[in-house]
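Q: Protein chains in written order, with my numbering: chain X, 1 to 155; chain H, 1 to 388.
Source of the hints: derived by calculation from the structure; they are not laboratory data. All values derive from a computational prediction rather than experimental measurement. Be aware that one or more of the hints could be misleading.
[As the list claims (entries may be wrong)] Under 10 Å between C-beta atoms, here's a sample of chain H residues computed to sit facing chain X: (1) Pro130; (2) Leu131; (3) Gln153; (4) His240.
[Claimed, not checked] Negatives, chain X to chain H, calculated, CB over 12 Å: (5) Met1; (6) Pro5; (7) Lys17; (8) Gly21; (9) Ser70; (10) Thr71; (11) Lys72; (12) Pro97; (13) Ala101; (14) Pro109; (15) Arg116; (16) Lys140; (17) Arg141; (18) Glu146; (19) Arg152.
No residue lacks a Cβ here, since even glycine has one placed at the ideal position from N, Cα and C.
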Amino acid sequence: MSDEPLEIVIPMDLRFKWSAGPHLGHFLRELREGNIVANRCPECGRLQLPPTPVCGRCHVAMGTDWVPLSTKGTVISYSFVVDPMYDAGIGDMRPVPYTIAAIVLDGGPDVAFFHRLEEKDPEKVRVGMRVEAVFRPPGKRQGLMEDIIHFRTID
Amino acid sequence: MGDRVAIMGVGQTDHRYMRPDVNHEEMIHEAVRLALEDAGLTIRDIDTVIFDNMDLFEGHYLADAMTVDGAGMYLKPGLKMNTGGTSGGTAVATGWQHVASGLFETALVVGWQKQDASPSIGSLVTAREPLYDRELAAGAVGIFATMGLQYMQETGCREEHAALARVIMADNARKNPHAHLKLEITVEDVLASRVLVWPVRLLHMSPTSCGACALVLGSEARARKGPKTPVWIRDLETAHREVSVFRGGCVEPRPQVSAIEVAAGRLYRRNGITDPAGQIDVWELYTPSSWALFHWMELFGICEKGQAWRLVEKEAIRLDGPIPIEPSGGVVSTNPIGASGVIRVAEAALQIRKEAGERQVAKDVKTAVATAWGAGSWIVMFYLTREA
Ligand SMILES: [Zn+2]
């Protein structure tokens, strides 16, 4: 009888369901139409992106004061993903490299939108660069963040 | 403020990448046994047990129920804590609250993680809201990348400085027999390691570790009868950020509000701390990436904004420096996540007891700050003292 350590592999394939709710649900339906919307706190007036049910600071219901934002904006931070990461949507590695960025959309000065940039050249990406959302064609959108392919550089 | 609470006993495993020689319960029991011995107590002397790990990382729930015997929870009151990266800090805070309330004289706190059980990134991606966040999340690495990039853009800090911070932590880890990674590395080695999410390189990130750490907390009356110098948990503080900041990798337009600054401000005001760098003798910060260190140093008020990289450049944070940080080698050297928050407090306590061996800092340690940090900018911080 050997006493080598015994390790047993246990695979699991599980499926989960998530309710978007009225606030994020509205955001995703608008996204499907090619729009990006935030909601405004009735107490402190700040925007929430994505729309949220409650303002954490005021602890009041955010409600449905929808504020359409431009699909153009300015990069405030970015990075380059070089090492493959799991894509939780498909359970596999994503193709690399890709550029991630926090973008302040025009009309939304107090919120940042997080997405990918088309530009992958580290020499060409900078804070302050102007970018615009590139949506999938109207019939191909599903109300997912993936409805935006990436943000392209504009002048 | 509640009754005085002291750390009476400290125990931890030797943390490793893999522990195929033991199961979860056996590994937990190693730390529990050591902490009880250190406190000069048996499990009969323990009034309550506070238990933590990050659920799902081992691929199953009810880890507490499956390890009752090894953890020493049999027929005892107790709680299981699970707050992500801060789980260990939350467990210590809960143990403190149980004893400080006067309802319990002793509490055993047990934190652990066995990351060889599953690919932890698989669990970690589920920590992001699935409809808005998850597709874009680059895991914890992405958060530290945006931190690092923002810091370089706003200060004179260069990649070399983050690499030097990592080298200093590695130098400390080699003096810590419990540390997981005991790397012999130079700044050049760090800069040559592969990029994960720029500017975060492989050597900047904490490893996935297996390990457990346990503390015995006691009331003043009990602690003064123990064999070891009591280390007082003089105060603690917690604060959380709102969910909208978690989204987008902790990036928001200025002005930003930091949970760390809020928590530290409250704790310092209560304890008359006006000069943290001068009044705190040693820091065990929860720094999962060397790129986070600069932000932590500034948010905890160790130095002015934009100056942390200069202190690192002067190597002021070394064991023999004026502001020793992460003498244990820190989370970048050892990260059994559920144990990591407990280890910070344990290591700070060993520094105050002057029982930290080769990793003992040169200063006469009378005060220490230990913290735990987790995604969502969740912070738990402890102020430890030698005097009651
Ligand atoms: Zn508000």
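Q: Work down the list of hints and note, for each, if the structure agrees.
A: Hints and how they fare:
1. Pro130: Holds, about 5 Å.
2. Leu131: Given a least distance of 6 Å, the restraint on Leu131 (chain H) holds.
3. Gln153: holds (6 Å)
4. His240: holds (9 Å)
5. Met1: For Met1 (chain X), whose nearest Cβ neighbour in chain H is about 17 Å away, the distance exceeds 12 Å, so it holds.
6. Pro5: violated (4 Å)
7. Lys17: violated (10 Å)
8. Gly21: violated (9 Å)
9. Ser70: At about 15 Å from chain H, Ser70 (chain X) clears the 12 Å cut-off, so the statement holds.
10. Thr71: Non-interface label on Thr71 (chain X) holds, nearest chain H Cβ at 17 Å vs cutoff 12 Å.
11. Lys72: Holds: least Cβ distance 16 Å, greater than 12 Å.
12. Pro97: With a cut-off of 12 Å, Pro97 (chain X) comes too close to chain H, as the shortest Cβ separation is near 9 Å.
13. Ala101: Non-interface label fails for Ala101 (chain X): nearest chain H Cβ at 9 Å, not farther than 12 Å.
14. Pro109: violated (7 Å)
15. Arg116: With a cut-off of 12 Å, Arg116 (chain X) comes too close to chain H, as the shortest Cβ separation is near 7 Å.
16. Lys140: holds (16 Å)
17. Arg141: holds (14 Å)
18. Glu146: violated (6 Å)
19. Arg152: Non-interface label on Arg152 (chain X) holds, nearest chain H Cβ at 17 Å vs cutoff 12 Å.
Going down the numbered hints, you'll see the structure goes against 6, 7, 8, 12, 13, 14, 15 and 18, while the others check out.
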